[in-house]
Amino acid sequence: MDIGGYNFPDELYYDPEHFWVRVEGDELVMGMDDFAQKLAGEIVYVQLPGEGKKLKKGKKLAKVESGKWLGKVLSPVDGELIAVNEDLELKPELINQDCYGAGWMYRLKADNLADLDDLLHGAAAVEPWVNEEIAKHAQEG
Amino acid sequence: MTNEHNLIEQFTEQIQHCTRCGFCQAHCPVFGATGRPALNARGKMLLLKEVLAGKIELNQDLVGSLFQCTTCASCATNCPSGVDVPAIIKAARKQMVGLGTCHPAFTGMNEVLAEHDNIYAEDEPEDFDRERGKQAEVVYFMGCVGQYREEEATEAALDLLDHLEVDYTLIDEVCCSGVLEDVGFSVKPHLASANIERILATGAGTLVTGCPYCYRTFTKQEAYAPLREAGIKIVHLSQFLAGRDLGVHSQAKVTYHDPCDLGRHCGIYEEPRQTIKAVAPNFVELTNHRQDALCCGAGGGVRGAYAKNSLAMARRRLAQVENSGAEVLLTECNSCAHNLANAKLRAQKFRVMTTPQFLMELIEES
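These protein sequence lines are chains A and B, in that order. Under our numbering, the final residue of the first sequence carries the number 144; numbering is consecutive throughout. Under our numbering, the final residue of the second sequence carries the number 866; numbering is consecutive throughout.
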């Protein structure tokens, strides 16, 4: 769905820190959402931790940096990091070019998919949240 | 009389002295990463010759060249004509700012420091669970990168001071603002005053900086003269640690990256090596080291303004680490550590750490 000029695909789950999660079988793929990549500007660095890293829900998974911003990626679930998008090592700008496709960031294995219940999902939850974020950043900007 | 509109004229003789020999090109990190002659020191001097001759204007067209310099000083170190390129670049940038021309990243940096007390406009500093502003013999000054970007490195430095039972305190530090001098602006008097007041209030006789650039600023900038006049001994952490028996050893093959701000700009080459070699005798030098060290690409505001090229410069340095066969790359600058760690490829298996991180890891394992 388009919300205020930002693309938020319906089927995804969203973390309030602006990372998306897609369920693929019993694995999760995550990346940065359209609002965050536009706000951050050109992404220049994505930390790609080693596969096998143990993840705790709400704890730091990695760092992302643009020329003007440094953000922490928090794990949406308890579990394990099973793959990273190695293309981002030399082309972090893929996040700006295609944040829901070629710019995906991490593949995770969740201990319990019920952790996703704490994320935003579906138009009724996502739309008011994004509108609120747009208004908040318009004030700050 | 020199004013903000003719700052480069005071360097006319030096600019004319550039014989276009190209020695600088072999050492310039920006040229090394981009292959563009317009971006090396010789290219910049040629542009300024034309400015002085009235053939071109010091305007927006020159931002991409004159503002893309890490001020690493490798050109000046290797210039047979003795041209002090970093000083000339700094003057040209200040003149451009005076004329209303600047790279937006640096205009932004100046604006941020007018309103915030750190260069990242961060509102919530890490407290590192240490007391601030208490009476102590030593003040430890973390610097913006140490406080907001390389927190683990700062935590290790503080743990090391704790381990050595140093009587130190942190202060509610604000950005030293020295970097503004490199990017066309000036140290902010209100920030300098805040740091000076808070340092003096602790009664400390020694100021230890974790950041080489803060060290440069405190020891060389006029705005910080009151610290020096008060008799405060100002040292970088590497100097403070040199000669101390840390009681740990490592068999790892270790190498060291000389930060430009500590090495070429301040002449501190030996103290870091003294500490590292005492702990890790299996030490190797990188192909380019000491006065000849390759810049990591982060300085002079380049990391913020030209991030991709900055990382490309770091990758050239990391290729030397790979060739050295070292398992660990150490440095004494959080900014270098940040850029080098960001640029390191997953296939490169060596580790990038600050010396205090390396030391604390050994101490914790012992």
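Hints in this document: simulated from the structure, not taken from any laboratory. Don't be surprised by glycine CBs; every beta carbon is placed ideally from N, CA and C. Each hint should be verified, as a subset may be incorrect.
What the hints assert, rightly or not - Listed below are the simulated DSSO-like cross-link pairs for lysine-lysine, each with C-alpha atoms no more than 27 Å apart in a straight line:
1. Lys-66/A <-> Lys-590/B
2. Lys-94/A <-> Lys-590/B
3. Lys-75/A <-> Lys-849/B
4. Lys-112/A <-> Lys-59/A
5. Lys-549/B <-> Lys-63/A
6. Lys-41/A <-> Lys-849/B
7. Lys-66/A <-> Lys-549/B
8. Lys-590/B <-> Lys-112/A
9. Lys-57/A <-> Lys-590/B
10. Lys-688/B <-> Lys-94/A
11. Lys-63/A <-> Lys-849/B
12. Lys-590/B <-> Lys-56/A
13. Lys-590/B <-> Lys-634/B
14. Lys-849/B <-> Lys-59/A
15. Lys-808/B <-> Lys-75/A
16. Lys-94/A <-> Lys-112/A
17. Lys-549/B <-> Lys-62/A
As the list claims (entries may be wrong) - Derived Cβ-Cβ restraints for the label pairs, each shown as a range:
18. Lys-94/A <-> Lys-777/B: 15 to 25 Å
19. Leu-73/A <-> Glu-665/B: 42 to 52 Å
20. Ser-686/B <-> Pro-52/A: 55 to 65 Å
21. Ile-556/B <-> Ile-137/A: 42 to 52 Å
22. Asp-623/B <-> Lys-56/A: 25 to 35 Å
23. Ser-686/B <-> Lys-56/A: 40 to 50 Å
Unchecked claim - Calculated from the model, a selection of chain A residues having no Cβ within reach of chain B, i.e. all distances over 10 Å:
24. Gly-8
25. Lys-41
26. Glu-45
27. Val-47
28. Leu-51
29. Gly-61
30. Gly-70
31. Glu-92
32. Leu-93
33. Ala-105
34. His-140
Cross-check of the supplied hints:
1. Annotation: proposed proximity of Lys-66/A to Lys-590/B is violated, straight-line Cα distance about 32 Å (limit 27 Å).
2. Our distance criterion of 27 Å between C-alpha atoms is broken by Lys-94/A and Lys-590/B, whose separation comes to about 32 Å.
3. The straight-line distance between the Cα atoms of Lys-75/A and Lys-849/B is roughly 24 Å, inside the 27 Å bound, and the hint therefore holds.
4. For the hint linking Lys-112/A to Lys-59/A, the alpha-carbon distance of about 12 Å falls within 27 Å, and the restraint holds.
5. A hinted pair counts as satisfied when its Cα atoms are at most 27 Å apart, and Lys-549/B with Lys-63/A does not qualify at roughly 51 Å.
6. For a cut-off of 27 Å, the pair hint linking Lys-41/A to Lys-849/B is broken: about 33 Å separates their Cα positions.
7. Between the alpha carbons of Lys-66/A and Lys-549/B the distance comes to roughly 44 Å, so the proposed pair goes past 27 Å and is violated.
8. Taking the CA atoms of Lys-590/B and Lys-112/A, the gap is near 51 Å; set against the 27 Å cutoff, the hint is violated.
9. Of the supplied pair hints, the one linking Lys-57/A and Lys-590/B is violated, its CA atoms being roughly 47 Å apart against a limit of 27 Å.
10. With a C-alpha separation of about 37 Å, the suggested pairing of Lys-688/B with Lys-94/A is violated against the 27 Å cut-off.
11. For the suggested pair Lys-63/A and Lys-849/B, the alpha carbons sit about 22 Å apart, so the restraint of at most 27 Å is met.
12. Annotation: proposed proximity of Lys-590/B to Lys-56/A is violated, straight-line Cα distance about 45 Å (limit 27 Å).
13. For the hint pairing Lys-590/B with Lys-634/B, the CA-to-CA distance comes to about 37 Å; that exceeds 27 Å, so the pair is violated.
14. Of the pairs offered as hints, the one joining Lys-849/B and Lys-59/A holds, with about 26 Å between alpha carbons and a cut-off of 27 Å not exceeded.
15. Between Lys-808/B and Lys-75/A, the direct Cα distance comes to roughly 20 Å. Compliance with the 27 Å bound is thereby established for this hinted pair.
16. About 25 Å separates the Cα atoms of Lys-94/A and Lys-112/A, which keeps this hinted pair within 27 Å; it holds.
17. Pair hint Lys-549/B plus Lys-62/A does not hold up; C-alpha atoms about 55 Å apart against a cutoff of 27 Å.
18. Range check, Lys-94/A to Lys-777/B: about 39 Å between beta-carbon atoms, so the 15 to 25 Å window is missed.
19. At about 34 Å, the CB distance of Leu-73/A to Glu-665/B disagrees with the hint of 42 to 52 Å.
20. Under the hint 55 to 65 Å, the C-beta atoms of Ser-686/B and Pro-52/A, about 41 Å apart, miss the expected range.
21. Restraint check, Ile-556/B to Ile-137/A: a C-beta distance of roughly 44 Å satisfies the suggested window 42 to 52 Å.
22. Range check, Asp-623/B to Lys-56/A: about 29 Å between beta-carbon atoms, so the 25 to 35 Å window is met.
23. Checked against the given bound of 40 to 50 Å, the beta carbons of Ser-686/B and Lys-56/A, roughly 45 Å apart, stay inside it.
24. A cut-off of 10 Å between C-beta atoms confirms that Gly-8/A is not in contact with chain B; the least separation is 23 Å.
25. Separation of Lys-41/A from chain B is adequate, the least Cβ-Cβ distance of about 17 Å exceeding the 10 Å criterion.
26. Glu-45/A, annotated as away from the interface, has a beta carbon of chain B within 10 Å; the closest lies near 8 Å.
27. With a cut of 10 Å on Cβ distances, Val-47/A falls inside the contact zone with chain B, its closest approach being about 4 Å.
28. Against the 10 Å criterion, Leu-51/A falls within the reach of chain B, whose nearest CB is about 6 Å from its own CB.
29. Every Cβ of chain B is farther than 10 Å from the Cβ of Gly-61/A; the closest lies at roughly 17 Å, confirming the non-interface assignment.
30. Not every C-beta of chain B lies more than 10 Å from that of Gly-70/A, the closest at about 5 Å, which undercuts listing it as non-interface.
31. Its beta-carbon lying about 6 Å from the closest one in chain B, Glu-92/A breaks the requirement of being farther than 10 Å from that chain.
32. Listed as a non-interface residue, Leu-93/A fails to keep its Cβ farther than 10 Å from every Cβ of chain B; the least gap is roughly 8 Å.
33. With 10 Å as the threshold on Cβ separation, the claim that Ala-105/A sits away from chain B holds: the shortest Cβ distance comes to roughly 18 Å.
34. Annotated as non-interface, His-140/A keeps its C-beta farther than 10 Å from every C-beta of chain B; the closest such distance is 14 Å.
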